[in-house]
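Going line by line, the protein sequences match chains A and C.
Using our numbering, read the first sequence as starting at 1 and increasing by one per residue.
Using our numbering, read the second sequence as starting at 1 and increasing by one per residue.
Misleading hints may appear alongside valid ones.
Claimed, not checked - Restraint-style ranges between C-beta atoms, simulated for each label pair: (1) VAL19/A x ARG119/C: 24 to 30 Å; (2) ASN100/C x ILE550/A: 45 to 51 Å; (3) GLN103/C x GLN549/A: 46 to 52 Å; (4) ASN314/A x ARG119/C: 41 to 47 Å.
It should be emphasised that the hints constitute simulated quantities derived from the structure, not laboratory data.
Predicted, not measured: the structure shown is a model, and the values here were computed from it.
Heads up, the beta-carbon is just placed ideally off N, CA and C, and yes, glycines get one too.
Number of protein chains: 2
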Amino acid sequence: MKLDKLISDRFKERPSECVIDSHAFMVRGGYIKAVANGIYSQYPALKRVSKKIENIIREEMDKIDGQEVLFPVVLPASLWEESGRFESVGSELLRFKDRNNSQMVLGMTHEEACVHLVREYGHSYNRYPFMLYQIQTKFRDEARSRGGLIRVREFNMKDAYSFHTSQEDLQDYYDKCFKAYQRIFARAGIPEVISVESDSGMMGGSLSHEFMLLTPIGEDSIAVCEKCGYRANMEAAKSIIVNNSDEQLKNLELVKTPDQKTIEDVCNYLKKPVESSCKAVVYQKDSDNSFVIIFTRGDIEVNETKVKNFIKDNIHPALIDEESGITAGFIGPKDLKLNGKYTVLFDSSLKGVKNIVAGANKIDYHYTGLNFGRDIEEPQFNDFAKIIDGGICPSCNENSISIKRGIEVGNIFQLGTKYTKSMNMQYLDKNGQSQYPIMGCYGIGVGRLAASVIEEKHDKFGPIWPISIAPWQVHLCCVRADDKNAKAIADNLYNSLQASGIEVIYDDRDVRAGVMFSDADLIGSPIRVIVSPRNLEKGIVEIVTRDKQISINASVDSAEDEVKNLIKKLFDEIEEKANNF
Amino acid sequence: MKLDKLISDRFKERPSECVIDSHAFMVRGGYIKAVANGIYSQYPALKRVSKKIENIIREEMDKIDGQEVLFPVVLPASLWEESGRFESVGSELLRFKDRNNSQMVLGMTHEEACVHLVREYGHSYNRYPFMLYQIQTKFRDEARSRGGLIRVREFNMKDAYSFHTSQEDLQDYYDKCFKAYQRIFARAGIPEVISVESDSGMMGGSLSHEFMLLTPIGEDSIAVCEKCGYRANMEAAKSIIVNNSDEQLKNLELVKTPDQKTIEDVCNYLKKPVESSCKAVVYQKDSDNSFVIIFTRGDIEVNETKVKNFIKDNIHPALIDEESGITAGFIGPKDLKLNGKYTVLFDSSLKGVKNIVAGANKIDYHYTGLNFGRDIEEPQFNDFAKIIDGGICPSCNENSISIKRGIEVGNIFQLGTKYTKSMNMQYLDKNGQSQYPIMGCYGIGVGRLAASVIEEKHDKFGPIWPISIAPWQVHLCCVRADDKNAKAIADNLYNSLQASGIEVIYDDRDVRAGVMFSDADLIGSPIRVIVSPRNLEKGIVEIVTRDKQISINASVDSAEDEVKNLIKKLFDEIEEKANNF
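Assemble the whole structure, with the sequences as input and the hints as a guide.
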């Protein structure tokens with residue numbers, strides 16, 4: 001199409017609200033317009049990118065025997081009550097009543113709708129395995145949407161659900177889907193995406209993976225081992241702390257520690273290393289508000305998700321009042337006594353620590369020389385800690401963990417029977433016994449993927465779209481469109497390229513070359529063709545890739561063929577990477 | 001794909017809740033499953049149909065220079081407040097608050113979102129005309145959803161919006177879109193769709209058309225002239241009633257009419273024809289609850305929309321209390337005096353009526369012999385009446401109107417400047433003057449179109465899908481799949497047809513031919529290929545169209561080519577009809 005007909009404006013200034021590049025380029029390049037907080041309209045250029053991404057996803061899902069369906073956006077709350085998520089999910093689930101006063105929700109994921117659709121279909125073992133997917137609008141009422149399309153409230157997502165009669169069968173399919181995901185990201189132009197083990201969070205399953213694009217602007221943290229290649233998100237990465245002190249046991253002493261606010265303050269004041277101190281972190285269970293106290297080594301942070309998973313309940317930071325019996329700031333494992341029900345947990349980071357500094361549960365007092373097994377019973381240690389940069393790799397045991405930032409561009413979950421059990425979906429097995437099918441689920445956000453591609457593929461002037469998802473394959477510039485010869489040759493090339501089924505955006509505006517090229521940079525087509533009087537004097541048409549890696553001076557007659565060859569070459573490069581998986 | 005892997009069940013019994021055929025076949029054939037009142041999930045078969053319809057729509061919209069965009073499903077109420085529709089639209093607009101207590105709505109149509117997207121883009125005349133469209137989920141909280149996909153609450157719709165600098169330019173584009181619509185319906189396999197003039201309702205414009213599939217199960221009424229071809233919906237069809245009485249004027253008399261409830265009762269009691277009586281219909285304005293009294297000839301019904309359009313306000317049936325001064329049952333144009341503000345309107349059906357029977361605004365009394373111009377001032381008559389079956393055609397003036405039922409499968413509206421004015425979208429014209437652009441809007445519901453195709457194209461066994469939108473082009477049945485030879489030949493045909501890019505659903509289940517064929521009827525592929533031992537004994541493969549119009553006994557070797565030829569023939573037939581427009 002002609003650029004002067006393209007609905008959208010492009011501009012130079014980076015809007016002040018755009019913190020990350022993909023957001024800035026999507027606004028500056030006429031891809032999106034904010035309608036409300038975290039809610040965007042898509043201009044034609046982005047819609048074209050989205051459709052291409054969706055088609056790549058479709059092809060890969062179809063290849064692994066997925067069947068496309070469509071679930072509703074608006075769902076009756078009753079379905080979510082069946083699964084228990086109407087209660088358990090927070091206010092990111094948008095709840096409202098319809099005109100008949102029925103409680104409804106906006107679908108943020110569709111496990112319930114999927115089980116509802118196939119509950120009867122899956123009544124016999126011989127119908128398994130099967131997989132359904134949809135590409136559909138979701139709404140998640142995020143408290144803090146940010147970063148343009150990276151974290152939004154309304155988004156288009158591919159969500160897929162598979163059903164199996166055994167864990168082995170799920171694992172087989174899960175592995176296939178894993179490969180399909182690698183192919184999808186490679187075909188979308190970012191083979192850089194890595195997989196990391198993850199906690200499955202509210203989905204409630206066991207093994208899961210997130211697909212991450214590593215970038216400093218990512219909002220997720222990932223533990224990566226530089227030595228052995230181990231990768232996990234912070235919830236799944238086991239924190240290993242080894243305390244091998246040959247220190248002599250000292251006497252237990254009650255010492256005064258007035259005005260010392262933090263465990264670091266206390267250790268400084270007592271001149272003890274923080275690595276031999278014990279810190280308390282206090283939460284309350286969502287279910288009954290009872291207190292949960294986690295003791296860790298003073299320098300180690302708690303990972304809330306690990307605590308949640310261990311106690312199988314949601315938690316929130318504690319509100320400590322006088323009646324609780326908690327001596328805030330002086331909580332320690334010895335002499336701890338709360339009023340009412342409470343849970344005490346010990347993180348593995350405390351295992352092997354000797355002569356510990358710990359709160360004495362008495363205002364302005366700490367113990368020193370506290371030792372497990374002597375002063376208090378040796379507790380059971382579990383992993384509740386955040387893995388740290390430079391920490392020990394749970395896979396190769398080297399001190400080789402580094403913490404990276406990443407954007408989650410997809411995830412795959414082994415759900416188990418959480419939904420089939422709660423929603424009572426059963427099948428008869430070969431022996432006529434009723435069984436609950438085992439589920440997997442697999443998500444990719446389309447808009448976030450588009451934004452991630454920009455994050456990975458751009459220069460300071462704009463996106464460098466991979467040819468597989470570029471809004472247009474070719475950006476044709478007629479510099480000096482007032483020159484009859486140049487215009488005629490450019491028009492001709494435009495028509496013949498289009499006739500060959502090539503997607504061309506044609507700029508024949510009467511504007512300066514600088515304006516033309518900065519617009520082309522923002523639109524980011526991988527191939528640029530420049531027809532100008534100056535080039536034509538030399539008998540050539542310039543063909544350059546957006547990333548400047550390839551530059552061809554083609555004769556006017558060969559220009560069309562050169563463009564076609566270049567398109568093929570760029571596609572081949574992408575396919576080659578995808579075929580690695 | 002293989003039928004035994006297709007996610008969905010098919011069954012014989014017509015569900016009792018299915019009143020119309022398309023609903024029954026969609027449930028029985030495994031196309032849809034109800035999730036809530038008026039909200040459905042789509043199984044793979046329907047999703048395939050929907051995608052094909054969407055692609056036909058896309059191609060036709062792109063041909064008339066439409067650019068595809070995407071607006072959000074969830075919209076801030078502020079946008080609808082700008083246009084005034086947050087107030088004016090009833091409870092079919094779903095309103096709710098998000099977690100930050102911001103008022104939001106679910107988009108049921110996207111004029112506001114569209115103006116929001118292009119308000120800045122359209123700042124100069126030289127960017128006009130332009131058209132945007134999207135295919136996106138809408139939600140309309142219908143009080144009475146019914147008929148499967150015919151009237152739902154959540155639906156997928158193509159909505160398009162065009163912007164112009166003159167009424168002439170809008171009219172030009174409107175005509176193009178009109179043709180595009182005719183092509184869309186023809187390509188979807190129902191060239192039977194007709195266009196009718198319509199009232200533009202809450203869209204607020206002037207000239208509009210609805211595209212209707214005439215069918216007795218339709219929920220809309222349409223006035224059709226059998227003589228001249230005039231067609232209009234009930235709101236747009238001008239009602240013409242001619243009263244040419246040469247009766248002598250009689251004296252005005254006040255007569256007692258006790259216990260007569262309706263105007264028919266009164267006329268019977270007084271032995272006067274109801275055609276010389278005057279009936280009152282009373283509404284109240286939504287804005288201030290003031291009364292609106294419409295007088296019509298006793299046998300004529302009021303069309304509410306005509307009243308609304310005339311007084312430019314919404315109305316509701318009146319609640320008449322004693323304080324109003326209204327003498328319910330005895331309201332008439334003479335001596336009418338209400339307390340407070342009120343509006344009195346006269347329908348054209350009263351024009352020329354002599355010696356009228358009318359209420360005397362006094363309990364148990366009517367007038368007879370009432371005459372306009374003598375007993376009361378000759379009023380201004382306007383058209384507020386429903387056109388009647390057998391009535392006069394406003395186009396050819398013959399008594400040739402018949403009232404038909406239809407399903408509205410699409411509509412096109414000339415919106416004027418309603419939205420651009422209220423939302424302050426302006427452009428500078430050639431002379432540097434600010435102007436409001438003129439809009440058109442154009443809708444097609446995808447699911448309703450699919451259901452309408454079934455209504456038009458089915459037999460008692462199931463849908464007869466046009467090849468252009470059929471879930472699969474070919475249904476291959478291997479009768480007696482336990483026969484090795486038959487199975488090998490069918491497998492071979494399946495593979496070779498698929499390799500040629502033909503969409504085949506392959507039934508190689510070990511079931512009776514009857515089961516196989518009734519499933520094939522419900523899936524409705526236009527071409528059926530039957531491989532069976534009995535056929536193979538004769539050396540043939542049977543190829544029949546779903547509508548039984550074509551039946552071919554092909555040799556095994558020529559079967560593939562025959563199928564391909566038949567597909568081409570069926571597509572050609574559809575294209576030929578589309579090319580008529």
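Against the structure, the hints:
Evaluation of the 24 to 30 Å hint for VAL19/A and ARG119/C yields a pass: the beta carbon distance comes to about 25 Å. Look at ASN100/C against ILE550/A: about 49 Å separates their beta carbons, and that is inside 45 to 51 Å. In this structure the supplied range 46 to 52 Å holds for GLN103/C paired with GLN549/A, their Cβ-Cβ distance being about 51 Å. A hinted range of 41 to 47 Å holds for the C-beta pair ASN314/A and ARG119/C, which are about 44 Å apart.
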